[in-house]
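Peer 1: The listed protein sequences correspond, in order, to chains A, B, C and D.
When we follow the UniProt record's numbering, the leftmost residue of the first sequence carries the number 1, and every step to the right adds one.
When we follow the UniProt record's numbering, the leftmost residue of the second sequence carries the number 1, and every step to the right adds one.
When we follow the UniProt record's numbering, the leftmost residue of the third sequence carries the number 1, and every step to the right adds one.
When we follow the UniProt record's numbering, the leftmost residue of the fourth sequence carries the number 1, and every step to the right adds one.
These are calculated hints, taken from the structure and not from any lab test.
Treat the hints loosely; a few may be bogus.
To be verified - Dumping the calculated BS3-like pairs for lysine-lysine here, alpha-carbon to alpha-carbon at most 25 angstroms:
id : chain 1 : residue 1 : chain 2 : residue 2
1  : B       : 113       : B       : 215
2  : A       : 113       : A       : 215
3  : A       : 215       : D       : 215
4  : A       : 86        : A       : 65
5  : A       : 65        : B       : 215
6  : C       : 215       : C       : 113
7  : B       : 65        : B       : 86
8  : D       : 215       : D       : 65
9  : D       : 65        : D       : 86
10 : D       : 215       : C       : 65
11 : C       : 215       : B       : 65
12 : C       : 65        : C       : 86
As the list claims (entries may be wrong) - Distance windows between CB atoms, simulated:
id : chain 1 : residue 1 : chain 2 : residue 2 : range
13 : A       : 68        : D       : 135       : 51 to 61 angstroms
14 : C       : 235       : D       : 146       : 24 to 34 angstroms
15 : B       : 127       : A       : 158       : 40 to 50 angstroms
16 : C       : 156       : B       : 1         : 51 to 61 angstroms
17 : C       : 173       : B       : 207       : 56 to 66 angstroms
18 : D       : 4         : A       : 37        : 47 to 57 angstroms
19 : B       : 73        : C       : 125       : 26 to 36 angstroms
20 : A       : 137       : D       : 146       : 56 to 66 angstroms
21 : B       : 201       : D       : 68        : 55 to 65 angstroms
22 : A       : 210       : C       : 22        : 23 to 33 angstroms
Note that the Cβ used here is the ideal one computed from N, Cα and C, for glycine as well.
Listed here are the chains, written in short residue letters.
Number of protein chains: 4
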Amino acid sequence: MSELASDLAELVTANHILAREDVLDAFGHVSLRSPQADGEYFISRSRSPELVVVEDLQRYDLDSKLLGDDERRGYIERVIHGGIYKARPDVKAVAHFHSPAIMPFCVADIVWKPVTHLGATIGTDVALWDSQAEFGDTDMLVSTADQAASLAWALANSNAVFLRGHGAVVVGGTLRELAMRTIQLCRNGDLLLRSLPFGGVTPLTAGEIALSGAKNLEPPVLARAWDYWATRAGH
Amino acid sequence: MSELASDLAELVTANHILAREDVLDAFGHVSLRSPQADGEYFISRSRSPELVVVEDLQRYDLDSKLLGDDERRGYIERVIHGGIYKARPDVKAVAHFHSPAIMPFCVADIVWKPVTHLGATIGTDVALWDSQAEFGDTDMLVSTADQAASLAWALANSNAVFLRGHGAVVVGGTLRELAMRTIQLCRNGDLLLRSLPFGGVTPLTAGEIALSGAKNLEPPVLARAWDYWATRAGH
Amino acid sequence: MSELASDLAELVTANHILAREDVLDAFGHVSLRSPQADGEYFISRSRSPELVVVEDLQRYDLDSKLLGDDERRGYIERVIHGGIYKARPDVKAVAHFHSPAIMPFCVADIVWKPVTHLGATIGTDVALWDSQAEFGDTDMLVSTADQAASLAWALANSNAVFLRGHGAVVVGGTLRELAMRTIQLCRNGDLLLRSLPFGGVTPLTAGEIALSGAKNLEPPVLARAWDYWATRAGH
Amino acid sequence: MSELASDLAELVTANHILAREDVLDAFGHVSLRSPQADGEYFISRSRSPELVVVEDLQRYDLDSKLLGDDERRGYIERVIHGGIYKARPDVKAVAHFHSPAIMPFCVADIVWKPVTHLGATIGTDVALWDSQAEFGDTDMLVSTADQAASLAWALANSNAVFLRGHGAVVVGGTLRELAMRTIQLCRNGDLLLRSLPFGGVTPLTAGEIALSGAKNLEPPVLARAWDYWATRAGH
Chain A
1 MSELASDLAE
11 LVTANHILAR
21 EDVLDAFGHV
31 SLRSPQADGE
41 YFISRSRSPE
51 LVVVEDLQRY
61 DLDSKLLGDD
71 ERRGYIERVI
81 HGGIYKARPD
91 VKAVAHFHSP
101 AIMPFCVADI
111 VWKPVTHLGA
121 TIGTDVALWD
131 SQAEFGDTDM
141 LVSTADQAAS
151 LAWALANSNA
161 VFLRGHGAVV
171 VGGTLRELAM
181 RTIQLCRNGD
191 LLLRSLPFGG
201 VTPLTAGEIA
211 LSGAKNLEPP
221 VLARAWDYWA
231 TRAGH
Chain B
1 MSELASDLAE
11 LVTANHILAR
21 EDVLDAFGHV
31 SLRSPQADGE
41 YFISRSRSPE
51 LVVVEDLQRY
61 DLDSKLLGDD
71 ERRGYIERVI
81 HGGIYKARPD
91 VKAVAHFHSP
101 AIMPFCVADI
111 VWKPVTHLGA
121 TIGTDVALWD
131 SQAEFGDTDM
141 LVSTADQAAS
151 LAWALANSNA
161 VFLRGHGAVV
171 VGGTLRELAM
181 RTIQLCRNGD
191 LLLRSLPFGG
201 VTPLTAGEIA
211 LSGAKNLEPP
221 VLARAWDYWA
231 TRAGH
Chain C
1 MSELASDLAE
11 LVTANHILAR
21 EDVLDAFGHV
31 SLRSPQADGE
41 YFISRSRSPE
51 LVVVEDLQRY
61 DLDSKLLGDD
71 ERRGYIERVI
81 HGGIYKARPD
91 VKAVAHFHSP
101 AIMPFCVADI
111 VWKPVTHLGA
121 TIGTDVALWD
131 SQAEFGDTDM
141 LVSTADQAAS
151 LAWALANSNA
161 VFLRGHGAVV
171 VGGTLRELAM
181 RTIQLCRNGD
191 LLLRSLPFGG
201 VTPLTAGEIA
211 LSGAKNLEPP
221 VLARAWDYWA
231 TRAGH
Chain D
1 MSELASDLAE
11 LVTANHILAR
21 EDVLDAFGHV
31 SLRSPQADGE
41 YFISRSRSPE
51 LVVVEDLQRY
61 DLDSKLLGDD
71 ERRGYIERVI
81 HGGIYKARPD
91 VKAVAHFHSP
101 AIMPFCVADI
111 VWKPVTHLGA
121 TIGTDVALWD
131 SQAEFGDTDM
141 LVSTADQAAS
151 LAWALANSNA
161 VFLRGHGAVV
171 VGGTLRELAM
181 RTIQLCRNGD
191 LLLRSLPFGG
201 VTPLTAGEIA
211 LSGAKNLEPP
221 VLARAWDYWA
231 TRAGH
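Here chain A stands alone, though its shape is the one from the complex (with noise of 0.2 angstroms):
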């Protein structure tokens, strides 16, 4: 196998990863900056992340324009991956998702925050963007470049934020870093819904967070954890 076969096949395994860990459902979306073109991201043609296969794979300029004779349909909010590609150079990998586990910081006054060492996979904050704000009433999807770059700002140099009624954006150096990132948003997120109703929540340290948070992308530890999810999801 080449290596853009392989990491195209690691691009389809987290689909099946991220669905498999109720991050993705019917909805939801993953991809990755062409290894060979920085000006160039992968990423499935619309369909459901548990259904994509190799072949559903499309290649899109940084302003989201198929590259290629593919006339299937494409994600609408695909200009999310362009626009924060375009943003962040250092990012190389980028999923949007619904996972039940995060919404509630989307819709109500919760603020994320990192209470284990799992969770400072994520880092400090997570911002909330609002659509509302710039944009007035919409569909509430992500599908203009202005919104796309408003995003992209809101993120700003961190690696995740929420969406106002709609759900997360999420991004990773490596598809590995990205599962993991994603997967503890989610974990952490449901932690901290069970548990701020009891008080005394506090979040780890800053050095806590920055010490933990670059443990957890040392290559073996990403290795174990997408070995083990990657057999889960049938791989």
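We have chain A; now place chains B, C and D onto it with these hints.
Peer 2: The following block gives chains B, C and D in isolation, referenced to the frame of chain A:
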């Protein structure tokens, strides 16, 4: 496969999808207005939806009288379907169910509102019908024409209605719309139950509900979700 | 298959159904009064219900003394079954379990009441039996004839009783009634736990409970649910 | 199969059981003190427990130095196991995990107490160890001999300890005791989380804890549960 056969196969799939997605369980049912005769509808004989096969389907008129000579027992509450098809010419598919995700809205002081773009598929409000108000003490089932007409009155021109101490009814212009509405009613319901205790929850604006709600019913969006749910249900 | 063989096969199925529906787990048990001798009952040797096969069934008298020469260890708490069959001639099937859905009613200040038509299958109230009151510090198991008689007294003429810090006991006139009551006790319990924090929860009226409760035990209703649960349990 | 081979096979099964019962996930680990040498223990190489096979097992001394020439990477936190075997001669099996059921006890003001006869398998109290107190900002992992010794000191003579923002450690006299304790710590934890908001929750009495706790560790009780859990885990 004839067009009718294809529609009936889709009705069977809808039964399995709603069972798989935790909308239906031992009880509840789904029907389809006959594509050949507006005054008739198809629904399974009395059987749990997960087990329904095409041979289980029966044909009824809008008074819920059986057409043909099938002697197998029908659902007691099939009058819900006949009553709504009579009152709402735009409705082509109906589901009645007792999903855990929506039952709290039938027994406690909680008001369902759409708080995500997907929840907007239902519309702005869901009325609560209380059999006690008009019919006093009953076995809680909707089993007479009068009860069905009263329930259809409460549904009015909306897409869903809750039944006090009992469950919900959802309608659609197609089986795919019905599946989307039913599942999103449950998902948004579950989200509200987990979010409301934290405060600060506000529904989408009227404009957002109108725009998102319409978007979610576009055929490619429905097809994407239906394909995913059908695959999960073993089709 | 003889009538007895058919009844014992149904007892095995009941074990599997209640395991599949999250009523029973590693612990808990189900029994059937002998259809041939009112003073005897059948129950598995000490084994987790999901694993029970017909060869595991043993026969006991109402003092829970083994009949026949089977030397395999029996359930310590089988006296619950003997004690209730002795006190309640109308009871033909008994289940004891520790389902997560009902345990909060055994350890916290929450009162179980039927709030749906299906919950009405249990009746109006569920008493709480506290081993501490009469027997002081014990290993919490119901393992003596005196304890079983005390528990049966608390059950009185109702269909279910909770055991403080321990679990629940449910009775039925048939295995199908028992399955319906047991599962609906759990479903209604789970619903209460999720609804009570929102306020405004009131039980069904006495009239509704009587009418719904009777309806749910009609043979076609029980058959429909049993077929579904048995299929899910692999039968 | 030799006695050692049989013990190691049981260690593999314990890995799979605790994964299946939602105690372990991508992370966490289980070990067994060598039945042949008190100063040694067996544990998998760094791998998610659900995937562990007997060939993954490695042998360590109580300083958690690898014995033999296996070059595969070990768990970073294996020092937890060595440290506890050193401090507690009675302990023959150790598990470390981050089950969602117990994480709220590691991040919020909630005190774990046994409120059921099965919860009593843990004993009366579970201490909370905070790495911050003695070691300041770290990556939250227990990766040095000093940290392990400090954790073992917090465990003292009890059966379980929580780690602030991190997870739990449970010990047993055998793998079967360990499985029972670990699973019941989680089940009782989940029950507390769902019950405490309703008030009126009190732990079992000291006498009940002693009697129930001992009962749950009797070999036939452990065998019954182990057989069930092993079957569920595919053994």
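Peer 1: Hints first: check each against the structure and report whether it holds.
Peer 2: Hint check:
Under the criterion of a C-alpha separation no larger than 25 angstroms, the hint pairing residue 113 of chain B with residue 215 of chain B is consistent with the structure, at around 18 angstroms. Using a Cα cut-off of 25 angstroms, the hinted pair residue 113 of chain A and residue 215 of chain A holds, with the two alpha carbons roughly 18 angstroms apart. Proximity of residue 215 of chain A to residue 215 of chain D is assessed by CA-CA distance (about 42 angstroms); at most 25 angstroms being required, the pair is judged violated. Among the hinted pairs, residue 86 of chain A with residue 65 of chain A is consistent with the structure: their alpha-carbon atoms are about 13 angstroms apart, no more than 25 angstroms.
Between residue 65 of chain A and residue 215 of chain B the CA atoms are separated by roughly 22 angstroms; this keeps the pair inside 25 angstroms, and the hint holds. The suggested pairing of residue 215 of chain C with residue 113 of chain C holds, with an alpha-carbon distance near 18 angstroms, which does not exceed 25 angstroms. A distance of roughly 13 angstroms separates the Cα atoms of residue 65 of chain B and residue 86 of chain B; the hinted pair therefore holds under the 25 angstroms criterion. Proximity of residue 215 of chain D to residue 65 of chain D is assessed by CA-CA distance (about 37 angstroms); at most 25 angstroms being required, the pair is judged violated.
Taking the CA atoms of residue 65 of chain D and residue 86 of chain D, the gap is near 13 angstroms; set against the 25 angstroms cutoff, the hint holds. Under the criterion of a C-alpha separation no larger than 25 angstroms, the hint pairing residue 215 of chain D with residue 65 of chain C is consistent with the structure, at around 22 angstroms. About 22 angstroms separates the Cα atoms of residue 215 of chain C and residue 65 of chain B, which keeps this hinted pair within 25 angstroms; it holds. At most 25 angstroms may separate the alpha-carbon atoms for a hinted pair to count; residue 65 of chain C and residue 86 of chain C meet this at roughly 13 angstroms.
The hinted range of 51 to 61 angstroms is satisfied by residue 68 of chain A and residue 135 of chain D, whose Cβ atoms lie roughly 54 angstroms apart. Between residue 235 of chain C and residue 146 of chain D the CB atoms are about 57 angstroms apart, so this pair departs from the stated range of 24 to 34 angstroms. A hinted range of 40 to 50 angstroms holds for the C-beta pair residue 127 of chain B and residue 158 of chain A, which are about 42 angstroms apart. At roughly 59 angstroms, the beta carbons of residue 156 of chain C and residue 1 of chain B sit within the given window of 51 to 61 angstroms.
Between residue 173 of chain C and residue 207 of chain B the Cβ separation comes to about 57 angstroms, which falls inside the hinted range of 56 to 66 angstroms. For the pair residue 4 of chain D and residue 37 of chain A, the beta carbons lie near 56 angstroms from each other, so the given range of 47 to 57 angstroms is met. A beta carbon spacing of about 33 angstroms between residue 73 of chain B and residue 125 of chain C agrees with the range 26 to 36 angstroms that was offered as a hint. In this structure the hint that residue 137 of chain A and residue 146 of chain D lie 56 to 66 angstroms apart at CB holds, the actual value being about 59 angstroms.
In this structure the hint that residue 201 of chain B and residue 68 of chain D lie 55 to 65 angstroms apart at CB holds, the actual value being about 58 angstroms. Between residue 210 of chain A and residue 22 of chain C the C-beta distance comes to about 42 angstroms, which lies outside the given range of 23 to 33 angstroms.
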